[in-house]
Amino acid sequence: MRALVIYESIFGNTQAVAEAIAAGLGEGLGEGAEVECVEVGAAPEGVEAGREIIVVGGPTHAWSMSRAGTRAGAREQAKERGQAAVSRGVGVREWLARLSKRSERGYAATFDTALRPRAWFPVGSAAQAAGRALEDRRYRLLVEPEHFFVNGIDGPLEDGEVARARAWGAALVARRRASATVPRRPRRRPGERVGEIVANLVGLIVINLYALWLPFTFGVVTDDFADVVPALSAFALLTIVDHVVALAVGTPRAGLVADVLAAALAIAGTAVVLRVFPFDFGAIGLPWIALIAHGVLIFALVVGCIRLVADLLRFGFHEARALADG
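Under numbering that gives the first Met the number 0, the residue at position 172 of the sequence shown is numbered 171, and the numbers go up by one with no gaps.
Hint data in this document are derived by calculation from the structure and do not stem from the laboratory. Where a beta carbon is used, it is the ideal one built from N, C-alpha and C, also for glycine. Where hints are given, some of them may not hold.
Unchecked claim - No more than 20 Å apart at the CA atoms, straight line, and that leaves these computed lysine to aspartate or glutamate pairs for EDC-like: (1) Lys-100 x Glu-51; (2) Lys-100 x Glu-44; (3) Lys-100 x Glu-134; (4) Lys-100 x Asp-135; (5) Lys-100 x Glu-47.
Claimed, not checked - The following label-pair restraints were derived from C-beta to C-beta distances: (6) Leu-213 x Ile-297: 20 to 28 Å; (7) Gly-29 x Ala-83: 31 to 39 Å; (8) Phe-316 x Ala-282: 46 to 54 Å.
Take these sequences, add in the hints, and give me the full structure.
This is the structure in structure tokens:
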């Protein structure tokens, strides 16, 4: 059995983890195994046939895999500390973008290095993003994306992380021999959830400041709008908490549950507005627009219900697959 570990590293922490994983793979594969550990800048354009396991890892930068800009900033930090950056060219993101889609299923695992999350504050995950990229290229993930923690931006690794990486590498072999995999990643990316959080936060502020802007609507928005403010505020706040928890937990199950709850909250908010309908388009001499507005809200309800059913099905398929994989 042959394995390939590809890593991106600036300060050397991810390199140390990758080398430990490669050592663990070698132990698990046993005598005669071929395990190659390669810095991403020296990695081959593709993965040759016969590689039973491919492992890809890099540092988490700005919620996800590094970009040219974040790498440049990290290299500058390394230079200020008197260190030479390990990875001086492309990153894992660019390598994965060039990786061809396999004609048959392959087996892979992903990992990242990051600061340990504090309280509820999410830090994102390069491993999650790399996992989705590999799945798009017909790789099945042997395990959930793994995280190894550093004590600071430039390290060092927390105590015990190198040993844990070695054990994790050995465990990948057992998973491959059993052909055990995990369900496919949810398609919702961390950046999308951050966008939802920001949008709902802005909406929450605007809704609760309605007394300031209501006079400027020329009577189109009526005083009945006050009746929908408590419900819409609650739905927006719950949606924000929903996405923050999904980001903080970071598991596929948490993401799918968050999507179901967000869809249900969107339906509830639309239903409240449709029921109260705090608008009077007759105030501007265009009462017929009310029919269009009702139609738009009803259409939004239908789309929301379809989305909710789709999210429930995705969650059900995920749980069924997890149960089947043991």
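Tested hints:
no. : hint                          : in the structure
1   : Lys-100 x Glu-51              : holds, 16 Å
2   : Lys-100 x Glu-44              : holds, 12 Å
3   : Lys-100 x Glu-134             : holds, 9 Å
4   : Lys-100 x Asp-135             : holds, 7 Å
5   : Lys-100 x Glu-47              : holds, 12 Å
6   : Leu-213 x Ile-297: 20 to 28 Å : holds, 25 Å
7   : Gly-29 x Ala-83: 31 to 39 Å   : holds, 36 Å
8   : Phe-316 x Ala-282: 46 to 54 Å : holds, 49 Å
Taken one by one, the earlier hints all hold for this structure without exception.
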